[in-house]
Each structure stands twice: as C-alpha cells, then as structure tokens.
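Asker: For the sequence shown, this note's numbering begins at 99 and goes up steadily by one.
Keep in mind the hints are simulated off the structure, nothing from the lab.
Worth double-checking, as some hints may not be accurate.
[To be verified] Cut-off 16 Å, straight-line C-alpha distance, at most; resulting in silico cross-link-like pairs (EDC-like, lysine to aspartate or glutamate): (1) LYS110 <-> ASP138; (2) LYS152 <-> ASP138; (3) LYS114 <-> GLU126; (4) LYS113 <-> GLU126; (5) LYS114 <-> GLU103.
Note that the structure is predicted; figures quoted are calculated from it, not measured.
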Amino acid sequence: VSPHEFLQAVMKASKKRFRIGVQSDPVEFMSWLLNTLHKDLGGSKKPNSSIIYKCFQ
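Sequences and hints are given; from them, build the entire structure.
Answerer: Printed below as a string of structure tokens:
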C-alpha cells in the first residue's frame with residue numbers, strides 16, 4: 099500500500115476527521131487508528147480479543 103493510498107483510506111474511514119494537508123493531533127490519530135484496527139479485527143472489551151489488545155496489555 100502506498101502512503102497516499104493509506105492516507106486516502108484513513109480519510110474515508112475517519113469520515114474526513116483526518117485529512118490530507120490538515121494538521122491534526124498525533125495522539126488523537128494514533129488512538130483512533132488503534133481503536134479502529136482493534137474493532138475491525140473483531141476485537142471487543144474481552145481480554146485477548148484481538149492482536150491489538152494483546153500488544154498493549
């Protein structure tokens with residue numbers, strides 16, 4: 099995946115909350131990205147429900 103394609107996918111998935119050429123809070127972006135990955139990988143609030151959960155416990 100090219101960086102441009104990644105940014106376009108982020109813009110679409112975040113409903114334009116994060117856009118190309120617009121400065122955003124990096125902590126807010128990282129939190130959104132990890133939560134989105136966790137949710138899309140089938141994660142829930144249950145322990146060990148996704149690889150994202152396992153990495154940060």
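Asker: Hint by hint, note whether the structure agrees.
Answerer: Going through the hints against the structure:
1. For the suggested pair LYS110 and ASP138, the alpha carbons sit about 15 Å apart, so the restraint of at most 16 Å is met.
2. Distance check on the hinted pair: LYS152 and ASP138 sit about 15 Å apart at the alpha-carbon level, within 16 Å; holds.
3. Of the supplied pair hints, the one linking LYS114 and GLU126 holds, its CA atoms being roughly 14 Å apart against a limit of 16 Å.
4. Taking the CA atoms of LYS113 and GLU126, the gap is near 14 Å; set against the 16 Å cutoff, the hint holds.
5. Taking the CA atoms of LYS114 and GLU103, the gap is about 14 Å. The hint holds against a cut of 16 Å.
In the structure shown, no violation is registered for any of the earlier numbered hints.
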